[in-house]
Each structure stands twice: as C-alpha cells, then as structure tokens.
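A.B. asks: The residues making up each chain are set out below.
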Amino acid sequence: MKLKVLYFASIREKVGRDAEELDLPAGIATVAALRGHLQARGGAWAEALADGKLLRTAVNQDMAKTSAPIKAGDEVAFFPPVTGG
Amino acid sequence: MKISVQAEDFDLGFEIESISKRNSIGAVASFVGLVRDVSMALEHYPGMTERAIAKIVDEAKSRWQVIDCAVIHRYGALQPNDQIVMVAVASGHRGDAFAACEFIMDYLKTQAPFWKKEQTPEGAQWVEAKADDDKATERWAKLPGSSGLG
Numbered sequence: 001m002k003l004k005v006l007y008f009a010s011i012r013e014k015v016g017r018d019a020e021e022l023d024l025p026a027g028i029a030t031v032a033a034l035r036g037h038l039q040a041r042g043g044a045w046a047e048a049l050a051d052g053k054l055l056r057t058a059v060n061q062d063m064a065k066t067s068a069p070i071k072a073g074d075e076v077a078f079f080p081p082v083t084g085g
Numbered sequence: 001m002k003i004s005v006q007a008e009d010f011d012l013g014f015e016i017e018s019i020s021k022r023n024s025i026g027a028v029a030s031f032v033g034l035v036r037d038v039s040m041a042l043e044h045y046p047g048m049t050e051r052a053i054a055k056i057v058d059e060a061k062s063r064w065q066v067i068d069c070a071v072i073h074r075y076g077a078l079q080p081n082d083q084i085v086m087v088a089v090a091s092g093h094r095g096d097a098f099a100a101c102e103f104i105m106d107y108l109k110t111q112a113p114f115w116k117k118e119q120t121p122e123g124a125q126w127v128e129a130k131a132d133d134d135k136a137t138e139r140w141a142k143l144p145g146s147s148g149l150g
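Top to bottom, those sequences are chains A and B.
So the first sequence is residues 1 to 85, counted in the numbering used here.
So the second sequence is residues 1 to 150, counted in the numbering used here.
Just chain A, same shape as in the assembly (with noise of 0.2 Å):
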C-alpha cells in the first residue's frame, strides 16, 4: 500500500526529511500502526515518534486521531501541538 507521510517542524528536523513515499507492509491500517512502523526504525525515528511523545496527526489535511484508519493514496502528516496565532 503507498502513501504520502510528511514530517513538520521539532519532528522534521529529528527525522531529517520533510516528506516520503511509503510503500507499507499489508496490516498496516491505522495512523498509530504506521507511526509503530516508522518508530521500528530505530534512532531518531524512535525518538521522535515514541510513544509518551505529545504527536499530532492528519490524514488528508484533516486532524485525525491515532485511531484514524489510512488508506493507498493517502497523506499522512505527523507534528508536534501546533503553536501559531
């Protein structure tokens, strides 16, 4: 299953990209299952996505909750709690 994951702000730069395409072994159905994918990296990946770690996600530039499903096509965005205004 392919799709987009984009990296924003204090997560981007611990990762060291802003975006990739994803190619995912099947199983992988929801944004917490694909965020235990990207963490099995291992190093800054575990860091920055680990578990304890205040995250926010989107699918499809909607705020999505960790249970959210993910589908082929979709645009999968990880960040920290947004601080503008």
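None of these hints come from the bench; they were simulated from the model.
Glycine is no exception: its CB is placed at the ideal position from the N, C-alpha and C atoms.
Be careful, since some hints might not be right.
Said to hold, decoys possible - If you want the ones that stay clear, here's a sample from chain B, every Cβ over 10 Å from chain A, calculated:
# : residue
1 : Phe10
2 : Gly13
3 : Ile25
4 : Ala29
5 : Ser39
6 : Asp58
7 : Gln119
8 : Thr120
Said to hold, decoys possible - Restricting the straight-line Cα-Cα distance to at most 27 Å, the calculated cross-link-like pairs of lysine-lysine (BS3-like) are:
#  : chain 1 : residue 1 : chain 2 : residue 2
9  : B       : Lys130    : B       : Lys55
10 : B       : Lys117    : A       : Lys65
11 : A       : Lys53     : B       : Lys135
12 : A       : Lys65     : B       : Lys130
13 : A       : Lys4      : B       : Lys55
14 : A       : Lys53     : A       : Lys65
Said to hold, decoys possible - A partial selection of chain A residues facing chain B, derived with a Cβ cut-off under 8 Å:
#  : residue
15 : Ala9
16 : Ala58
17 : Gln61
18 : Ala77
19 : Phe79
20 : Pro80
21 : Val82
22 : Thr83
23 : Gly84
Please arrange chain B on chain A, whose structure you already have, making use of the hints.
C.D. replies: For chain B alone, coordinates are given in the frame of chain A:
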C-alpha cells in the same frame, strides 16, 4: 470571505474596509496578534492550513451571524512587533461580531497547523504548545448546539 496564509505583511484598515461594504453590516470586530519580545520563524503545512482555517470559519458561521470576514496568518521570518495574524468579522450586531472573532482566534491557536521557532540566547527553540490554549478552545465546545471541530 477572505482566508490568506502569506509571508507578506497585511493592512488591517484595508481588510476591514473590504469586508464592510454591505448595508446590513452594523458591526465589525477585529483582532491582531503581534510578535512579542523575540524574533521567530513560523512554519506551516501548506494546503492543510487554509483548509483548517476555512473549517473554523464555517463553524463560526454556523454559530453566529457572520456576513463577511477576513483571516490572514503570516509565516516565515518575523521580528518583534511584527503583525502575525488578524481576524476581522463583519456582522449585523456587535455580539455576533465579538463572539465569532474570539472563537476563530481561539480555534486557530489549537487547530491550524503553524509552529513557531523562537530565537533565544541559547539558540533557536520550538515553542511548546500551551495548555491554556486548549482550555480556550474547549470552552467553546460547551456551548449548546455545538458540533465542535476535530
């Protein structure tokens, strides 16, 4: 209705004039946020940012009479005293204009994907999100008939 995410500065007077042209408008409330104390860089999520602001404005329109409005948020390098954000709401009466303006600003703080990185004596640092901002958003969710936003 104007929503803009831009690097350039804005002119509040011009924007207020632009949304105040209809005879049914009796009140315009506006807010401008400025950079306090230190220079910073503002990052955002192009595409989602405009979409998130549009959803916030739609929610405000479902709760109050909003005849017209303008929301502008800047990104990029900003210096102390620079304007960061403006919200202006035109309505028939002041109650709706004040409430919708404050609602849009409170939701922007927690729902629009912007991140501030401040220049400090120890180097550049990402600003931490404030629990108070979440509280400011949550209080609107307690209003009867509200659907809330993600």
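A.B. asks: Please write out, lowest number first, the hints stated earlier that are contradicted by the structure.
C.D. replies: The structure conflicts with no hint, since it agrees with every one listed earlier.
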